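Undergrad: The residues making up each chain are set out below.
There are 2 protein chains.
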Amino acid sequence: MSVAADPLLTPLPLDRPVVERAARIPAGFVAAGTSARIKVSGRPDFALIVADGGPVPAAAVFTPNRFAAAPVRLSRANLQATGGNGVTAGLARAVICTSGSANAATGPVGDADQAAIGDALAAALGTSPTEILHLSTGIIGIRLPVDRVVDMIDRVTADGLAGTDEALFAAATALRTTDSTTKVASATVMAPGPDGAAIPVTVTGIAKGVGMIHPRMATMLSVVLTDAAADPATLRSLLRVAAARTWNQLSVDGDTSTNDTVFLLASGRAGASDAATDERTRVLLGAAIEAVARDLARQQAADGEGASTLITCQVSGAADDASARAITRAVISSSLVKAAVHGRDPNWGRIAGAAGNAVLAEAAVLEAGGLSTEDAAARAATPAAVDPALLRIAIAGHLVYDGRARGPVAVDKVAASDAMNNEEVLIRLDLGLGDGAGEAFGCDLTEEYVRENSEYTT
Amino acid sequence: MSVAADPLLTPLPLDRPVVERAARIPAGFVAAGTSARIKVSGRPDFALIVADGGPVPAAAVFTPNRFAAAPVRLSRANLQATGGNGVTAGLARAVICTSGSANAATGPVGDADQAAIGDALAAALGTSPTEILHLSTGIIGIRLPVDRVVDMIDRVTADGLAGTDEALFAAATALRTTDSTTKVASATVMAPGPDGAAIPVTVTGIAKGVGMIHPRMATMLSVVLTDAAADPATLRSLLRVAAARTWNQLSVDGDTSTNDTVFLLASGRAGASDAATDERTRVLLGAAIEAVARDLARQQAADGEGASTLITCQVSGAADDASARAITRAVISSSLVKAAVHGRDPNWGRIAGAAGNAVLAEAAVLEAGGLSTEDAAARAATPAAVDPALLRIAIAGHLVYDGRARGPVAVDKVAASDAMNNEEVLIRLDLGLGDGAGEAFGCDLTEEYVRENSEYTT
Numbered sequence: 001m002s003v004a005a006d007p008l009l010t011p012l013p014l015d016r017p018v019v020e021r022a023a024r025i026p027a028g029f030v031a032a033g034t035s036a037r038i039k040v041s042g043r044p045d046f047a048l049i050v051a052d053g054g055p056v057p058a059a060a061v062f063t064p065n066r067f068a069a070a071p072v073r074l075s076r077a078n079l080q081a082t083g084g085n086g087v088t089a090g091l092a093r094a095v096i097c098t099s100g101s102a103n104a105a106t107g108p109v110g111d112a113d114q115a116a117i118g119d120a121l122a123a124a125l126g127t128s129p130t131e132i133l134h135l136s137t138g139i140i141g142i143r144l145p146v147d148r149v150v151d152m153i154d155r156v157t158a159d160g161l162a163g164t165d166e167a168l169f170a171a172a173t174a175l176r177t178t179d180s181t182t183k184v185a186s187a188t189v190m191a192p193g194p195d196g197a198a199i200p201v202t203v204t205g206i207a208k209g210v211g212m213i214h215p216r217m218a219t220m221l222s223v224v225l226t227d228a229a230a231d232p233a234t235l236r237s238l239l240r241v242a243a244a245r246t247w248n249q250l251s252v253d254g255d256t257s258t259n260d261t262v263f264l265l266a267s268g269r270a271g272a273s274d275a276a277t278d279e280r281t282r283v284l285l286g287a288a289i290e291a292v293a294r295d296l297a298r299q300q301a302a303d304g305e306g307a308s309t310l311i312t313c314q315v316s317g318a319a320d321d322a323s324a325r326a327i328t329r330a331v332i333s334s335s336l337v338k339a340a341v342h343g344r345d346p347n348w349g350r351i352a353g354a355a356g357n358a359v360l361a362e363a364a365v366l367e368a369g370g371l372s373t374e375d376a377a378a379r380a381a382t383p384a385a386v387d388p389a390l391l392r393i394a395i396a397g398h399l400v401y402d403g404r405a406r407g408p409v410a411v412d413k414v415a416a417s418d419a420m421n422n423e424e425v426l427i428r429l430d431l432g433l434g435d436g437a438g439e440a441f442g443c444d445l446t447e448e449y450v451r452e453n454s455e456y457t458t
Numbered sequence: 459m460s461v462a463a464d465p466l467l468t469p470l471p472l473d474r475p476v477v478e479r480a481a482r483i484p485a486g487f488v489a490a491g492t493s494a495r496i497k498v499s500g501r502p503d504f505a506l507i508v509a510d511g512g513p514v515p516a517a518a519v520f521t522p523n524r525f526a527a528a529p530v531r532l533s534r535a536n537l538q539a540t541g542g543n544g545v546t547a548g549l550a551r552a553v554i555c556t557s558g559s560a561n562a563a564t565g566p567v568g569d570a571d572q573a574a575i576g577d578a579l580a581a582a583l584g585t586s587p588t589e590i591l592h593l594s595t596g597i598i599g600i601r602l603p604v605d606r607v608v609d610m611i612d613r614v615t616a617d618g619l620a621g622t623d624e625a626l627f628a629a630a631t632a633l634r635t636t637d638s639t640t641k642v643a644s645a646t647v648m649a650p651g652p653d654g655a656a657i658p659v660t661v662t663g664i665a666k667g668v669g670m671i672h673p674r675m676a677t678m679l680s681v682v683l684t685d686a687a688a689d690p691a692t693l694r695s696l697l698r699v700a701a702a703r704t705w706n707q708l709s710v711d712g713d714t715s716t717n718d719t720v721f722l723l724a725s726g727r728a729g730a731s732d733a734a735t736d737e738r739t740r741v742l743l744g745a746a747i748e749a750v751a752r753d754l755a756r757q758q759a760a761d762g763e764g765a766s767t768l769i770t771c772q773v774s775g776a777a778d779d780a781s782a783r784a785i786t787r788a789v790i791s792s793s794l795v796k797a798a799v800h801g802r803d804p805n806w807g808r809i810a811g812a813a814g815n816a817v818l819a820e821a822a823v824l825e826a827g828g829l830s831t832e833d834a835a836a837r838a839a840t841p842a843a844v845d846p847a848l849l850r851i852a853i854a855g856h857l858v859y860d861g862r863a864r865g866p867v868a869v870d871k872v873a874a875s876d877a878m879n880n881e882e883v884l885i886r887l888d889l890g891l892g893d894g895a896g897e898a899f900g901c902d903l904t905e906e907y908v909r910e911n912s913e914y915t916t
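Protein chains in written order, with my numbering: chain D, 1 to 458; chain W, 459 to 916.
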């Protein structure tokens with residue numbers, strides 16, 4: 001076997017369609033990003049995205065945290081109200097995001113504050129408060145300065161919104177807490193039009209990753225916009241699948257925040273066939289959403305608190321995709337693996353140990369990832385299948401463990417360590433069990449992470 | 459309400475029976491600890507415990523890691539062979555522990571090495587190899603020096619074993635990798651004798667915690683000995699319940715190792731009633747085993763890699779004990795909570811966030827903790843019940859969050875931070891939902907942890 005031909009030493013071919021790190025605003029949306037002086041620093045902290053032709057189909061994925069913040073609870077209720085039948089996908093006219101205060105653990109007054117913001121925006125847009133979606137990020141346990149937010153709503157809706165890439169980029173910038181970069185990603189696919197012609201459909205996402213707002217939570221927010229046509233149920237299905245394969249495979253420090261939210265809105269302005277009824281459009285749109293989500297997740301992992309290295313773990317040869325995802329998640333979540341990557345240590349023992357502990361939680365994610373409801377519930381707490389005698393592991397293109405050998409294999413540790421001296425380290429596992437594949441994204445554990453999270457007192 | 463009377467500000471009353479940190483060897487066992495030169499440093503690395511009157515009932519809890527090391531797989535097979543019917547509880551004559559090489563991920567040659575050691579010890583003791591239990595800890599992926607271990611078996615069985623506390627302490631010391639302390643705990647309870655008289659029954663455990671052996675895994679090993687009389691099935695039941703409440707509630711860095719093992723052996727020499735048939739003895743013995751396991755788990759958490767502070771999280775008012783245990787486990791496992799404790803930051807937002815993410819995995823542990831098999835399987839991946847509007851949180855005796863208040867409550871952060879300046883920090887939650895209670899043990903996350911785990915290359 002030629003070493004170069006061993007697929008274990010190369011990344012999985014998961015980079016299609018091509019994603020551009022640009023804020024290409026899809027037709028049908030206008031946006032703004034500015035400062036409403038929620039942050040004392042005066043940095044941007046107010047983002048607004050509006051569907052300029054009226055309410056559009058929308059879907060969401062929310063944090064499962066029982067301490068879901070006021071904006072999360074209000075958005076969930078609004079989508080259920082516009083969607084009907086208790087489904088969290090309905091119609092939305094606008095997404096408002098405030099940064100600086102998470103409006104989490106603020107009790108009934110926090111709910112009232114968020115509702116007042118929604119009422120003010122609905123009034124300014126001449127729509128129902130149930131058609132407003134809310135995002136918030138920042139310090140837990142302090143109130144939003146409602147007056148300043150409402151004042152900015154009035155000013156921005158009067159003359160601050162624009163249907164330009166610059167305006168969407170400004171909105172993305174206003175999501176940031178202390179992210180070191182503005183996170184945007186865009187993909188365009190050619191979908192069939194009603195008359196058979198190929199029509200470009202754009203999917204663009206903006207996101208924030210982990211911040212250093214004080215006290216810090218590993219918060220993540222994202223808004224994905226498209227000019228494709230789709231009904232709420234189709235959007236919900238496509239978003240859940242994409243999130244299961246991308247954002248659910250992202251870990252910076254294992255803490256799921258009170259505010260994590262992803263919204264997907266579809267204006268239908270591209271003129272392509274409706275994804276709800278056209279199978280080919282649905283597949284293309286799903287691929288574009290997943291590609292955008294994947295790129296944003298990678299940007300978020302790379303910008304993790306204190307991180308210096310993006311860790312990508314990819315598994316092939318798993319019993320199924322759910323097992324592959326569970327194993328990659330276990331590897332990138334292991335503190336010992338994260339610390340080893342930081343030290344450029346090709347420590348396959350820690351990777352094998354983490355893989356051996358992988359468990360398939362949780363049922364909802366498994367279901368979104370392709371298992372039936374019954375299978376997902378039954379398998380949720382099941383260990384993932386790994387056979388030490390079949391497993392092979394490569395780090396940064398170097399084979400470091402081969403379970404098919406009779407005993408320990410010799411590893412060129414110096415060469416492997418040198419290859420790890422990079423902005424991204426790829427950990428590849430092949431399980432030798434089946435056709436399942438999957439990946440997960442994380443970052444190294446650094447002394448800087450500990451310093452950032454222990455040095456200051458709230 | 460007087461502040462001093464609020465039970466939220468004090469520890470749960472879980473410290474009975476009294477535990478002494480001494481290696482009181484129970485009647486019926488002899489022990490030794492010495493150096494077999496597995497470690498190049500020459501420090502003790504060979505421990506042997508023998509039931510001097512022949513095989514005794516024994517039970518075990520093993521790591522669920524799919525990369526279970528050779529000693530784990532051999533011990534499991536041996537207990538199944540002597541116990542019959544596939545149950546991992548049977549008879550054991552001796553426990554041998556080597557430190558320095560984990561004999562993990564060593565393939566078929568590792569299995570052969572471990573079997574050779576078992577054969578040599580069985581021959582020396584004139585017993586069957588299936589009556590030998592094995593423990594090993596240390597570097598992954600290197601072979602044991604079988605010749606040196608067998609040589610030491612011959613020398614120690616010839617004249618090195620003694621039924622003294624000093625000999626058992628020496629065995630505990632030989633378990634250590636780079637634990638900074640030797641970990642022993644002992645409890646004595648008065649159990650009914652056959653004629654109604656109260657008979658002292660002793661339970662003594664030795665353990666090792668996380669080490670700095672290179673590459674490091676958060677390995678934990680323990681051997682618990684008692685002079686109580688009990689059959690294998692009773693021992694298995696008592697050990698599973700105790701482990702579910704203590705060791706399963708211990709996390710240093712979330713990585714379960716390839717070698718984690720706890721053995722429980724009962725010589726029956728105290729002369730008390732048999733725990734298999736006498737309910738009162740069974741309850742007393744179970745309480746003593748749990749108290750010893752709890753104290754060892756606390757020693758292990760306090761001595762975690764790079765740790766400067768023992769974190770104990772206790773929950774009262776939970777829907778049930780399983781929920782309480784899940785929530786405490788989530789809190790002490792959170793990197794953000796661990797970093798906040800390191801910084802003496804009374805950061806209740808991170809604690810609430812972690813509690814809101816708690817999930818009840820895993821089924822086997824839930825079952826051992828008291829749920830029926832059916833309930834445990836159904837609930838394994840279920841989020842634990844937490845109502846933010848009822849939750850109250852205290853850190854180091856200071857109330858920091860009260861969900862029953864209308865909005866955020868004022869916290870004396872300086873006083874709370876000062877109270878955290880201690881070797882142990884108690885995080886108390888009351889859920890206001892029911893009578894469930896539980897606790898978990900962890901340690902702070904320090905820059906030293908990251909340094910220790912990233913600085914060296916294998």
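In short, the hints are calculated from the structure, not lab data.
The structure presented is a predicted model; accordingly, all values stated were derived computationally and were not measured.
Heads up, some of the hints might be wrong.
Claimed, not checked - Just the calculated beta-carbon pair ranges, DEER-fashion:
no. : chain 1 : residue 1 : chain 2 : residue 2 : range
1   : D       : D111      : W       : S830      : 52 to 60 Å
2   : W       : G542      : D       : R73       : 51 to 59 Å
3   : D       : T373      : W       : E832      : 55 to 63 Å
4   : D       : A389      : W       : R479      : 35 to 43 Å
5   : D       : R43       : W       : A847      : 31 to 39 Å
6   : D       : G370      : W       : S830      : 29 to 37 Å
7   : W       : N880      : D       : R16       : 48 to 56 Å
8   : W       : D464      : D       : A77       : 32 to 40 Å
9   : W       : R531      : D       : L12       : 51 to 59 Å
Every residue, glycine too, gets a C-beta built ideally from N, C-alpha and C.
Undergrad: Now look at each hint and say whether the structure bears it out.
TA: Hint check results:
1. D111(D) - S830(W): 52 to 60 Å: violated (39 Å)
2. G542(W) - R73(D): 51 to 59 Å: Holds - the Cβ-Cβ distance for G542(W) and R73(D), about 55 Å, lies within 51 to 59 Å.
3. T373(D) - E832(W): 55 to 63 Å: Since the Cβ atoms of T373(D) and E832(W) sit about 19 Å apart, the hinted range of 55 to 63 Å is violated.
4. A389(D) - R479(W): 35 to 43 Å: holds (42 Å)
5. R43(D) - A847(W): 31 to 39 Å: With Cβ atoms ~33 Å apart, the hint holds.
6. G370(D) - S830(W): 29 to 37 Å: holds (31 Å)
7. N880(W) - R16(D): 48 to 56 Å: holds (55 Å)
8. D464(W) - A77(D): 32 to 40 Å: holds (35 Å)
9. R531(W) - L12(D): 51 to 59 Å: violated (32 Å)
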